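Enquirer: Given next are the chains, with one letter for each unit.
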Amino acid sequence: MTTAGVHAASGSPRITVGTQEVSLTAGYLLPNRLKHYPTKQEGPAFMPSWMITLTDPINDSWYRGQVSLGAEMVYIQFREPFDTHGVGFTPKIKYTFVALDRIRPYAEFAGGPFWTDLAGKIPEQSSQFNFILTAGFGVSYFLTDRAALNAGYRFHHISNAHTSTPNVGLNSSLPFAGFSFYF
Amino acid sequence: MNTKLSLRWTIIGCCGLIITLTTGCARWIELKPAADSSQEPSVRVIARAEQVPLVMDSVGITRNGSPQNLSPETEQRVLGTLREIGLFSHLGSTDSAEPPANEKFIRARLLLNEAIDPHPGNAAWKGFVIGASMFILTPFIPLEYDYAAHVTLELERWDGQVKHYESQSSGTAHYQLFGATSLMIDELKGHVMESCLTALMQQMVYDTTFYAASSAPVLERPIRSVSVKSKRSTLTPVSISTSSGK
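Those sequence lines, one after another, are chains A and B. The first sequence lines up with residues 1 to 183 when you count with our numbering. The second sequence lines up with residues 1 to 246 when you count with our numbering.
I should point out that these hints are in silico values taken from the structure, not numbers from a laboratory. Treat the numbers as computed from the prediction; the structure is a model and nothing was measured. Each hint can be trusted.
In silico SDA-like cross-links for lysine to any residue, where the CA-CA straight-line distance does not exceed 25 Å:
| id | chain 1 | residue 1 | chain 2 | residue 2 |
| --- | --- | --- | --- | --- |
| 1 | B | K189 | B | N64 |
| 2 | B | K126 | A | F137 |
| 3 | B | K126 | A | P105 |
| 4 | B | K126 | A | I52 |
| 5 | B | K126 | A | S23 |
| 6 | B | K126 | A | Y63 |
| 7 | B | K126 | A | P113 |
| 8 | B | K126 | A | Y95 |
Model the full assembly from the supplied sequences, consistent with the hints where possible.
Expert: So this is what it looks like as structure tokens:
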């Protein structure tokens with residue numbers, strides 16, 4: 001009756017309730033500039049994360065998938081317009097489509113506090129304490145039953161929820177790649 | 001003044017984090033025992049010369065009504081439990097060769113019907129709420145995973161007579177987010193299965209004399225019961241405990 005959290009009996013990993021995932025993702029932040037505002041923020045981003053699988057696969061159609069919950073640290077080294085930094089902590093929820101065996105598309109959403117010293121130096125943001133909201137999609141390719149390569153795209157929005165003005169917000173695109181380990 | 005204030009908030013924050021992490025790791029299993037597992041353990045005696053071998057003929061597993069691949073672990077666990085009661089001289093798995101037809105032996109057929117309810121909708125919704133609260137609500141929002149098993153064991157004596165044994169049990173794993181592991185689910189399944197097998201063995205031990213070598217002669221022309229059963233019609237609905245109390 002014993003079953004490990006991750007199986008590969010049929011050639012594809014089967015991730016069950018309680019399976020944990022540790023990931024390291026990196027990408028390059030590119031600006032989605034708003035009209036009349038000059039800031040073109042860009043730079044590399046690193047996002048280590050931890051997640052836990054909350055459900056066994058739900059449904060039997062093409063959208064059969066699993067829900068995971070976890071947390072992510074996001075570090076952005078802004079290289080433009082000034083050499084500055086940003087760091088944040090975001091709870092993260094992910095829906096992974098499992099119908100395609102080893103290739104597993106997913107959609108994710110995260111949001112949480114974000115500190116950056118870029119704010120105050122640009123006209124869009126005034127305070128160093130901000131929030132970051134992230135929505136994106138990606139694909140995991142399982143190299144083994146415990147390790148996967150990930151690649152995808154995220155949209156980032158940074159603003160301070162009107163805790164100070166100005167609060168125009170910074171929007172960015174973030175293509176990323178990384179790997180995950182499941183246990 | 002500001003230093004004192006920030007120190008105070010740091011301490012409060014650290015305490016909150018420690019409480020969240022420790023209480024958010026709790027988990028426990030609530031087991032609903034098999035219906036007849038409360039019976040007193042039964043003791044019967046069988047002479048070694050009276051023992052006959054048992055050979056596993058087939059093992060069927062269904063999960064939420066769908067047939068599953070054969071699990072060697074399940075078969076080994078059942079054989080291990082049969083070995084413990086000492087009723088049979090030798091135990092053979094489905095892979096082992098059957099004794100010659102003119103020898104006395106027992107054929108066993110096992111059907112395990114599992115019912116799993118991980119409450120996916122609840123878990124997803126609760127997970128969203130826990131995440132939105134920055135994990136602060138983790139200790140206050142438990143998650144559940146239900147598992148039930150219905151085991152049928154059919155033993156056919158060398159003269160074609162068949163005895164049926166059935167048992168069922170269920171349980172619920174309650175856990176906080178940080179306490180979730182796949183081992184927890186294995187533990188739940190292990191306890192439920194153990195409860196089912198114990199109840200089955202108790203029933204079997206009552207029939208010790210039925211399996212003694214002297215209970216029936218070897219037929220000159222041995223017979224074997226032949227049947228085709230509709231898998232769907234034989235499925236017994238297994239109820240799942242949904243009580244939330246410990």
